[in-house]
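Put together the whole structure using the sequences plus the hints.
Number of protein chains: 2
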Amino acid sequence: MSLQIPQPTAVLEAAKRIAEVANHTPVHTSRTLNQQTGHKIFLKCENFQRVGAFKFRGAYNAVSQLSAAQKAAGVVTHSSGNHAQGLALAAKLLGVKATIVMPDDAPAIKKAATAGYGATIISCPAAEREAICAQQVREHGYTLIHPYDNPNIIAGAGTAALELLQEVGPLDLLFTPVGGAGLLSGTALAAAAIQPHCRVIGVEPAIANDAQQSWQRGEIVRLTAVSNTIADGLRTCFVGEHNLPILRQYVSNILTVTEEEIAATLRFLWTRLKLVVEPSAAVALVPAFMGKIDPPGQRIGIILSGGNVDVAQIAPLFED
Amino acid sequence: MSLQIPQPTAVLEAAKRIAEVANHTPVHTSRTLNQQTGHKIFLKCENFQRVGAFKFRGAYNAVSQLSAAQKAAGVVTHSSGNHAQGLALAAKLLGVKATIVMPDDAPAIKKAATAGYGATIISCPAAEREAICAQQVREHGYTLIHPYDNPNIIAGAGTAALELLQEVGPLDLLFTPVGGAGLLSGTALAAAAIQPHCRVIGVEPAIANDAQQSWQRGEIVRLTAVSNTIADGLRTCFVGEHNLPILRQYVSNILTVTEEEIAATLRFLWTRLKLVVEPSAAVALVPAFMGKIDPPGQRIGIILSGGNVDVAQIAPLFED
Numbered sequence: 001m002s003l004q005i006p007q008p009t010a011v012l013e014a015a016k017r018i019a020e021v022a023n024h025t026p027v028h029t030s031r032t033l034n035q036q037t038g039h040k041i042f043l044k045c046e047n048f049q050r051v052g053a054f055k056f057r058g059a060y061n062a063v064s065q066l067s068a069a070q071k072a073a074g075v076v077t078h079s080s081g082n083h084a085q086g087l088a089l090a091a092k093l094l095g096v097k098a099t100i101v102m103p104d105d106a107p108a109i110k111k112a113a114t115a116g117y118g119a120t121i122i123s124c125p126a127a128e129r130e131a132i133c134a135q136q137v138r139e140h141g142y143t144l145i146h147p148y149d150n151p152n153i154i155a156g157a158g159t160a161a162l163e164l165l166q167e168v169g170p171l172d173l174l175f176t177p178v179g180g181a182g183l184l185s186g187t188a189l190a191a192a193a194i195q196p197h198c199r200v201i202g203v204e205p206a207i208a209n210d211a212q213q214s215w216q217r218g219e220i221v222r223l224t225a226v227s228n229t230i231a232d233g234l235r236t237c238f239v240g241e242h243n244l245p246i247l248r249q250y251v252s253n254i255l256t257v258t259e260e261e262i263a264a265t266l267r268f269l270w271t272r273l274k275l276v277v278e279p280s281a282a283v284a285l286v287p288a289f290m291g292k293i294d295p296p297g298q299r300i301g302i303i304l305s306g307g308n309v310d311v312a313q314i315a316p317l318f319e320d
Numbered sequence: 001m002s003l004q005i006p007q008p009t010a011v012l013e014a015a016k017r018i019a020e021v022a023n024h025t026p027v028h029t030s031r032t033l034n035q036q037t038g039h040k041i042f043l044k045c046e047n048f049q050r051v052g053a054f055k056f057r058g059a060y061n062a063v064s065q066l067s068a069a070q071k072a073a074g075v076v077t078h079s080s081g082n083h084a085q086g087l088a089l090a091a092k093l094l095g096v097k098a099t100i101v102m103p104d105d106a107p108a109i110k111k112a113a114t115a116g117y118g119a120t121i122i123s124c125p126a127a128e129r130e131a132i133c134a135q136q137v138r139e140h141g142y143t144l145i146h147p148y149d150n151p152n153i154i155a156g157a158g159t160a161a162l163e164l165l166q167e168v169g170p171l172d173l174l175f176t177p178v179g180g181a182g183l184l185s186g187t188a189l190a191a192a193a194i195q196p197h198c199r200v201i202g203v204e205p206a207i208a209n210d211a212q213q214s215w216q217r218g219e220i221v222r223l224t225a226v227s228n229t230i231a232d233g234l235r236t237c238f239v240g241e242h243n244l245p246i247l248r249q250y251v252s253n254i255l256t257v258t259e260e261e262i263a264a265t266l267r268f269l270w271t272r273l274k275l276v277v278e279p280s281a282a283v284a285l286v287p288a289f290m291g292k293i294d295p296p297g298q299r300i301g302i303i304l305s306g307g308n309v310d311v312a313q314i315a316p317l318f319e320d
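Protein chains in written order, with the numbering used here: chain A, 1 to 320; chain B, 1 to 320.
Misleading hints may appear alongside valid ones.
One copy or two, it doesn't matter: identical chains are merged, so the pair holds either way.
Said to hold, decoys possible - With a cut-off of at most 30 Å between alpha-carbon atoms, the simulated DSS-like pairs for lysine-lysine come out as follows:
#, residue 1, residue 2
1, K40, K92
2, K110, K71
3, K110, K40
4, K111, K40
5, K16, K40
Rather than coming from a laboratory, the hints here were simulated on the basis of the structure. It should be emphasised that the depicted structure is a prediction, and the values quoted were computed from it without experimental measurement.
Set out below in structure tokens:
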């Protein structure tokens, strides 16, 4: 099978397509964070993106690129998270029917939010999600929009980093969280396109380090069980076939972090920086926040990937 | 006693003094909020201000205006909230010794934050706060920086609204929460200075409606017991002598809201807009969010006053 791997310029094209519909999210800085780390840190706040996460960027880019016939038929995906909402909204804005296959045990609030954008929800046992998705494609001619293993999803995801690099100027380092690696591979393409000297680094939970292993070995390593990391957006068990070649070519490193480090960084982002971010977003800030980036004095970008989180559920992390 | 009531131009002067040290906080907007309310709403995010609240603005303006002798002697105040931290940081930046009288039962986290800015903390029973503060003034020659009943505090607080009005252009309405009315009176001066046609409205918890009564009667009405509103920054029992004349001259209305309305608005700000704000800040958005502002189509500014809140403590508001 010959894969169509997106080039760095694909991010520039995606940026034009989404310019009128996506939020140009703000970049936050913090005196406290800079003093504490010795770096100059720029936080790209995708928690303020539409649907509360960067996922809308790739979804809109992907749906907008479909042929007229594909648009008329509709799109389908399987996701219980931010991609579901991103695709539902993108499809709605483009007048395309969306069907989202969600596991039976997905939170009611996420099902309701996705349905609220006009998508049709199909509930099924988690293990049957891919099969049911494939069945929908066969029976209805829907186009599958994969959450991360898709060139247009990757290019769209990279537009967050593109905006950041264009706004703040030269960066030494750029960190993103890694789940399926859609965001990381898109970010790497963005840097390659306009700041090739900026090193792009992925960060993932140590208990879900499939991307690190895949990047090191040069082949897709699959976790045999779903991790229970608090960074629920990063529980993906393997990176995509379109993603790995980009990681190997453009990504400088993939680091891992502990659950305690994620929690401490999340607390800082909420209580000091007043940002509602989800644990997956906090992951990208961990290495810098924990003082692991030497030498000091670097200009560092962080993609805070999203802010969709149940406050009541996360509150125990804030107890003494 | 002849009071020195600040003029609208005092806000313009304060803005120059704080320009280099205060954060020029961002203005957030939301498609969802605008669609839901039928208005165009601009949220001035003072939760992103230094110390996490607008209070830093007035504190810095006030301390910077002291004479050399006053600065050499030091400042004192009584506060268990945001003014304590605002004054502590302002004094530190200006090389002035600060003493903060806090009630014994103030949260340890707030005492630690205030001490972290280099202030001396004096703990005492809540009922003795004012007496101990006065004693410190007598014994050490400190200058009392009152949390709201002070012309320079008022003018400094108004700079948040000034920035908002300068950034977004003409507004029809501008809402702030009301505790002691430092923010409301400063905001009213800011509008009078540069947009006199913009109507300024205060919002306070119905169970702590002393400002509404005072504004209506034209005399300071004192609550006989401290309210237990969840908007803990608005539990002040009476507005200041400097504040009331400004409210009477420049404020169009003072509205009250219920505890349930505050909680619902807070949940929206956290879960949809991804902003960590304290309940007191949510208060200002309640009338617009609850659909009580007619006719539709107005341009409305909201001062989100701060974001200092204990996540674990507030979490029950987010439970189903």
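*asked:* Run through the hints listed earlier and report the numbers of any the structure violates, in increasing order.
replied: Nothing - there is no hint that the structure violates, so all of them hold.
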